[in-house]
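**Student:** As a plain string of letters, each chain reads:
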Amino acid sequence: GAGVSQSPSNKVTEKGKDVELRCDPISGHTALYWYRQSLGQGLEFLIYFQGNSAPDKSGLPSDRFSAERTGGSVSTLTIQRTQQEDSAVYLCASSITTGGTEAFFGQGTRLTVV
Amino acid sequence: GENVEQHPSTLSVQEGDSAVIKCTYSDSASNYFPWYKQELGKRPQLIIDIRSNVGEKKDQRIAVTLNKTAKHFSLHITETQPEDSAVYFCAAIVDTGRRALTFGSGTRLQVQP
Numbered sequence: 015g016a017g018v019s020q021s022p023s024n025k026v027t028e029k030g031k032d033v034e035l036r037c038d039p040i041s042g043h044t045a046l047y048w049y050r051q052s053l054g055q056g057l058e059f060l061i062y063f064q065g066n067s068a069p070d071k072s073g074l075p076s077d078r079f080s081a082e083r084t085g086g087s088v089s090t091l092t093i094q095r096t097q098q099e100d101s102a103v104y105l106c107a108s109s110i111t112t113g114g115t116e117a118f119f120g121q122g123t124r125l126t127v128v
Numbered sequence: 011g012e013n014v015e016q017h018p019s020t021l022s023v024q025e026g027d028s029a030v031i032k033c034t035y036s037d038s039a040s041n042y043f044p045w046y047k048q049e050l051g052k053r054p055q056l057i058i059d060i061r062s063n064v065g066e067k068k069d070q071r072i073a074v075t076l077n078k079t080a081k082h083f084s085l086h087i088t089e090t091q092p093e094d095s096a097v098y099f100c101a102a103i104v105d106t107g108r109r110a111l112t113f114g115s116g117t118r119l120q121v122q123p
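Note that the protein sequences, when read in sequence, are chains A and B.
Count along the first sequence from 1, then add 14; that gives the number in this note's numbering.
Count along the second sequence from 1, then add 10; that gives the number in this note's numbering.
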């Protein structure tokens, strides 16, 4: 595809349920990032994958959050036992390599926990 | 780790005026500084970036300046237009490090026609 693709676009879930959010990065991009954006707020770093290296998980807010990237391409962000404070837009981005190159964002997944 | 502070949080200007948004960063090793624009309900998109080996970069009505000594950088938009209305985010990163971009908290710019 031409850009970073995320699915679903919107997700409404009940408190306590698990959710999986998917990100398809731009083909050939080795770096993949997950950010969280609460309503009217900035971009909160969650996790970062670079090639085959161990991911940087330093931004994950709790052990209910996890992510994996299979085959160096598609990534899945999983939130277990969702809480209302998890409601936010989850943005995925990819860049051709680490650090100082343009990061392209997906359109985001709007998660609402009711 | 890196910490990026951005201000103001909101900025309202008249069409045709200039707008300036400022950011400071904490990690003196940071050497790549992009600016992203996010229109309402849309994804952030890169509008301009600068590396630490230059002090200023310009692209039509948009310019970014960098002061490495003071560890701050600024976005300048001249001759503002209503379509410039959006939220702008600055970011910083050490481009040789295995790190993700650290973003500022954003500035909501409103250009009044």
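If you are wondering where the hints come from, they were derived from the structure by calculation, not from laboratory data.
As the structure is a computational prediction, the values presented were derived from the model and not from experiment.
Among the clues, some could well be false.
[As the list claims (entries may be wrong)] Partial pick of chain B residues on the chain A-facing surface, computed with a CB cut under 8 Å:
(1) A39
(2) N41
(3) F99
(4) G114
Glycine included, C-beta positions come from ideal geometry on N, C-alpha and C.
**Student:** Compare the structure with each hint and give your call.
**Tutor:** Now for the hints, and whether the structure bears them out:
Checking A39 (chain B) against chain A by beta carbon gives a least distance of about 11 Å; that is not within 8 Å, so the hint is violated. For the restraint placing N41 (chain B) at the interface with chain A, the shortest Cβ-Cβ distance is roughly 7 Å, inside the 8 Å limit, so the hint holds. Taking 8 Å as the C-beta contact cut-off toward chain A, the hint placing F99 (chain B) at the interface holds, the least distance being around 6 Å. A distance limit of 8 Å between C-beta atoms decides the matter here; for G114 (chain B) the minimum to chain A is near 7 Å, and the interface restraint holds.
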